[in-house]
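My request is simple: use the sequences and hints to build the entire structure.
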Amino acid sequence: MNIKGMALIAAALSLAIAGCSKQAPAENTAATTPAKVTTNPVEISLWTGYPELDPWFKIMTESYQKEHPNVKVNISSFPLKDFEKKISTAIPSNSAADIISVNPSLALRYVQTNMIQKAPDDLSAFVKSGIFPEVVVKDAVFNNAVYGIPHMMANAALFYNKKMFAEAGLTEPPKTMDQLVEYAKKLTKYDAAGKVERSGLSLRLTGGGSGVAEKFWVMQLQNGGTFLKEVSPGKYKPDYNNESGLKTFQMYVDMVHKYKTDDPVIKHDAEAFEMEKTAMLVRESWVIGDIKQKAPNLDYGTATLPAANIVVEKDFYVTNSAKGDKATAAWDFIRFLMEQDNHKQQLTMTGWHPVRDDLKLDDVFKETPQLISFFAKYNHLEVYPSIPEHDELQTKFADRLANKGFTDPSLVGNVDKMKAILAEAEKETIEILKKAGHLAE
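For the sequence shown, counting from 1, position 337 maps to 337 in our numbering; every step adds exactly one.
Honestly, the hints are just simulated from the structure, not real lab data. You may find that some hints are simply not true.
[Stated by the list, open to error] Below, a list of computed lysine-lysine pairs in the DSS-like style, where the Cα atoms sit at most 27 Å apart:
| id | residue 1 | residue 2 |
| --- | --- | --- |
| 1 | K434 | K81 |
| 2 | K417 | K229 |
| 3 | K326 | K85 |
| 4 | K235 | K344 |
| 5 | K85 | K58 |
| 6 | K247 | K396 |
| 7 | K294 | K229 |
| 8 | K366 | K163 |
| 9 | K258 | K163 |
| 10 | K267 | K185 |
| 11 | K427 | K404 |
| 12 | K162 | K175 |
| 13 | K235 | K434 |
| 14 | K360 | K138 |
| 15 | K366 | K58 |
| 16 | K162 | K294 |
| 17 | K260 | K58 |
| 18 | K360 | K58 |
| 19 | K434 | K85 |
| 20 | K175 | K267 |
| 21 | K81 | K58 |
| 22 | K58 | K292 |
| 23 | K344 | K138 |
| 24 | K235 | K138 |
| 25 | K162 | K185 |
| 26 | K292 | K81 |
| 27 | K404 | K434 |
| 28 | K377 | K229 |
| 29 | K260 | K162 |
| 30 | K258 | K417 |
| 31 | K323 | K86 |
Computed from a predicted structure; not experimentally measured.
The structure is reproduced here in C-alpha cells:
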C-alpha cells in the first residue's frame with residue numbers, strides 16, 4: 001500500500017499524539033490539506049547536511065521528474081555543520097530551500113517562530129499512523145500539529161573486526177561495558193616503541209560540534225545515566241555529574257592514558273575501521289554503506305549495545321520559502337520519497353536507517369546482515385530533547401571533554417579532579433537551561 005492510501009487509513013484511526021506544552025506559534029497560512037500538483041512549470045529545492053544521501057536523492061529526483069516533467073527538483077548537500085549554519089541565516093530570511101532535512105531539536109526554533117509549515121492532513125495522519133516510534137512522533141509534533149516527516153535516524157551499534165577477534169581468541173561481541181574494555185585491551189596492538197598502532201576501540205575523542213558529547217551520552221546510557229533528564233514537560237536538569245557520568249568519564253581516561261587502548265593522534269572513526277586501524281567502533285548504520293564503497297572485502301560484524309540507545313532522527317520540513325505551487329510540489333515530493341519502495345532504497349543505497357517499522361527488509365538483511373543490529377528493539381530509547389538550545393549544550397560539554405578531559409593523563413585515578421570537571425560543565429549547562437527557561441527547579 002502506498003503512502004497516500006495508507007494515510008487515509010491512518011486518518012480514520014485518529015491516533016492521539018501528546019503535544020508539547022509550549023506556546024503555539026501564530027497560525028500558518030500554508031495549505032494543510034492535500035492538493036494536486038500543478039501542471040505549470042515549477043522548481044523546488046531540498047537541502048541536506050548528509051552528502052551520503054546524494055545517490056538516493058539523485059535516483060528519487062530522476063524518478064519523480066519522469067512522473068512530473070513540469071517539476072524540477074534541485075538537491076544540495078553540505079557538510080553537516082556548514083548546513084546548520086546555512087539554514088540558521090537562510091530560514092529567517094526566507095532564502096532557504098523549500099525542503100530541509102534536519103533534526104527536530106534544531107527545527108524547533110523555526111517552528112516556534114512560524115518559519116516552518118504545518119504538514120498537510122494526509123502526511124500528518126501518516127506520521128501518527130503507528131509505524132514510527134513514539135519518541136520520534138513526539139519530536140515531529142508541536143502543539144498537537146505535525147510539522148516534521150521523519151525519514152532518517154541515526155542509532156548506534158558496535159562494529160567489530162571478525163579477523164581481529166579470531167586472532168585474539170574472542171568468539172562473540174562484548175555484552176557489557178566491562179567486557180568492552182577488556183576486549184579493547186586484548187585487541188590493541190603497539191609498535192616497537194610501545195605506541196598504539198591499532199586501537200582496540202576507537203573512541204570519539206575530538207571533533208567539532210556536539211559529536212563528542214553525543215558519543216559520551218551513548219556510552220553513559222549503558223551505565224544507567226543520560227545527558228539531560230526531563231523532570232517535567234519541557235523542564236530539564238543535567239544528569240551527567242553523578243555516578244554514571246563519572247564511570248563513563250573514567251572509562252575514557254583509563255582507555256586513553258592508563259590502558260592505552262586508544263590514542264588521540266592515530267586514525268579514528270569509520271576511516272580507521274575501514275583501514276583496519278581499529279578493532280571496534282561505535283557508530284551509526286551509514287558506516288555500512290561507506291564500507292561497501294571503500295572496503296568491500298572487510299570481514300566485520302555488528303552488535304547491539306548493552307542496555308540502551310539514542311535515536312537521532314532527521315525529518316523533512318517545508319520552509320516558508322515554498323509558496324503556492326512550490327509548496328504543493330514540495331509536499332508531494334516528500335510523499336514520493338516516503339513511498340515504501342522509495343524509502344527502502346534510502347537504506348539499501350546509503351546505509352542510513354529509515355525511521356519506520358513497516359518496511360519489509362528480509363531481503364536487505366539477507367544481503368547485509370550487519371544491518372540487523374540497527375533494527376534491534378531496546379527497552380530504553382532516548383532522543384534529543386525538544387529544546388532549541390540542546391546543540392549549544394552538547395557543543396559546550398563536548399569542548400570541555402575534548403580539551404580538558406581526554407587530553408589530561410593526570411586524571412588517571414584522580415576522581416576528585418574528574419568530578420570537578422563534570423561539576424564545572426554542569427554549572428554551565430544549568431546556566432544555559434535557565435536562560436532559555438527550560439531548567440527544572
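Going straight from one Cα to the other, do K366 and K163 come out at no more than 27 Å? 21 Å, holds
Pair hint outcome, K344 versus K138 [Cα-Cα no greater than 27 Å]: 23 Å, holds
Taking 27 Å as the top limit, are the C-alpha atoms of K434 and K85 close enough? 24 Å, holds
Can you confirm whether the C-alpha distance between K323 and K86 stays at or below 27 Å? 20 Å, holds
Restraint check for K162 with K294, where alpha carbons must lie at most 27 Å apart: Judged against 27 Å, a Cα distance of about 18 Å means the pair holds.
What's the verdict on K377 and K229, does the C-alpha distance respect the 27 Å limit or exceed it? Given that 27 Å is the threshold and the Cα spacing comes to 22 Å, the pair holds.
Pairwise hint evaluation, K58 against K366, where the allowed Cα distance is 27 Å at most: 26 Å, holds
For K267 and K185, compute the direct alpha-carbon distance and say whether it is at most 27 Å. Roughly 18 Å between the alpha carbons, so the hint for K267 and K185 holds.
Has the given pair, K85 with K58, been kept, meaning a C-alpha gap of at most 27 Å? Distance ~24 Å between K85 and K58 Cα, so the pair holds.
Are the Cα positions of K260 and K162 separated by 27 Å at most? 22 Å, holds
Between K258 and K163, does the CA-CA distance stay at or below 27 Å? Roughly 26 Å separates the two Cα atoms, so the pair holds.
Are K360 and K58 close enough, with their CA atoms no more than 27 Å apart? It holds: about 23 Å lies between the C-alpha atoms, which stays within 27 Å.
Of the numbered hints stated above, those contradicted by the structure are hints 4, 7 and 17, listed in ascending order.
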